[in-house]
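Peer 1: According to UniProt numbering, the sequence shown is numbered sequentially starting from 1.
Keep in mind that a hint or two might mislead.
Stated by the list, open to error - The list that follows gives simulated cross-link-like pairs (lysine-lysine, BS3-like), each with its CA atoms no further than 25 Å apart:
| no. | residue 1 | residue 2 |
| --- | --- | --- |
| 1 | Lys245 | Lys230 |
| 2 | Lys220 | Lys67 |
| 3 | Lys181 | Lys156 |
| 4 | Lys198 | Lys67 |
| 5 | Lys199 | Lys111 |
| 6 | Lys181 | Lys110 |
| 7 | Lys234 | Lys245 |
| 8 | Lys200 | Lys50 |
| 9 | Lys181 | Lys220 |
| 10 | Lys200 | Lys110 |
| 11 | Lys50 | Lys158 |
| 12 | Lys196 | Lys110 |
Derived from the structure by calculation, the hints contain no laboratory data.
Please read all numbers here as calculations on a predicted model, not as lab measurements.
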Amino acid sequence: MNIFVCVKQVPDTETKITPTGDGSFIETASIKWIMNPYDEFAVEQALLIKQSNPAANVTVVRVGSVKDTEALRTAMAMGADDAALVEANDSLDSHSIAKALKGAIEKTGKKPDIILAGKQAIDDDALQVPQILAEMLGLPSVSVIVGFELNGTTVKVKREVEGGALEVYEVNTPVVLACNKGLNTPRYASLPGIMKAKKKPMAQYSLADVGVSDADRRVKYSQFRLPPEKPAGKKFDATDAAKQKEVVAQVVGLLRTEAKVI
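Let the hints inform the model, and build the full structure from the sequences given.
Peer 2: Here's what the structure looks like:
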């Protein structure tokens, strides 16, 4: 069984984001990168499948810059067997990323049985790549899964829908599944795992190697900017009992006319 996991590196949530001078993207030089949290559930699910199927091979695939391969090394330290990296600009759109992932999977020469990914990336929140990849590969796809059960070549999954309800699907492999929080509890990489990850194979491809060009881009980004700063808060002195009624009237008036909450 061949299991592929698509992962993305995203800025740490505590990282201070700064747009580039021309507003075309964000400054990436000083960013601390981490594995997209939703992808951690996908990696963990792949490893759980491997525990029940020792002959299974888990390959993690990423599209992005080569300056930092933390996400791939982390996945291999957790237990993945190998990795593939497609060197690309971090500002690619979902369509280009999906096509690059497809090309990288095909480049490995291994026919996928299960392809796992996080339901979304926490940086762009696009929620598109798994579904586009499935369409390109001609495979069924189920997203936002919180339950997984494998029985031979059939997968039963549960997915969340609005209102707290669950939908249950049975699909045959090969299949693309997008994972949500609650599916499992991702493990931490052990020290022996971290040492072994340094020796595990990681193939590297260019966009041209996987058949992606500028013509594949469907979305171009521009005018990145920080949200406007919040105006300073207003303070009122109500220590003087004689002025308290006046102060209360001012506060109520501002809540009604400016904040519009009453």
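Peer 1: A separate judgement is required for each hint: does it hold in the structure or not?
Peer 2: Going down the list of hints, with the structure as the test:
For the hint pairing Lys245 with Lys230, the CA-to-CA distance comes to about 28 Å; that exceeds 25 Å, so the pair is violated. A C-alpha spacing of about 23 Å is found between Lys220 and Lys67, which places the hinted pair at or below 25 Å, so the restraint holds. Taking the CA atoms of Lys181 and Lys156, the gap is near 17 Å; set against the 25 Å cutoff, the hint holds. Between Lys198 and Lys67 the CA atoms are separated by roughly 16 Å; this keeps the pair inside 25 Å, and the hint holds.
For the suggested pair Lys199 and Lys111, the alpha carbons sit about 24 Å apart, so the restraint of at most 25 Å is met. With a C-alpha separation of about 28 Å, the suggested pairing of Lys181 with Lys110 is violated against the 25 Å cut-off. Between Lys234 and Lys245, the direct Cα distance comes to roughly 17 Å. Compliance with the 25 Å bound is thereby established for this hinted pair. Using a Cα cut-off of 25 Å, the hinted pair Lys200 and Lys50 holds, with the two alpha carbons roughly 17 Å apart.
Restraint check: the Cα-Cα separation between Lys181 and Lys220 comes to about 30 Å, which exceeds 25 Å; the hinted pair is violated. Straight-line distance between C-alpha atoms of Lys200 and Lys110 comes to about 17 Å, which keeps the hinted pair within the 25 Å bound. At roughly 20 Å between alpha-carbon atoms, Lys50 and Lys158 fall within 25 Å of each other, so this suggested pair holds. Restraint check: the Cα-Cα separation between Lys196 and Lys110 comes to about 23 Å, which is no more than 25 Å; the hinted pair holds.
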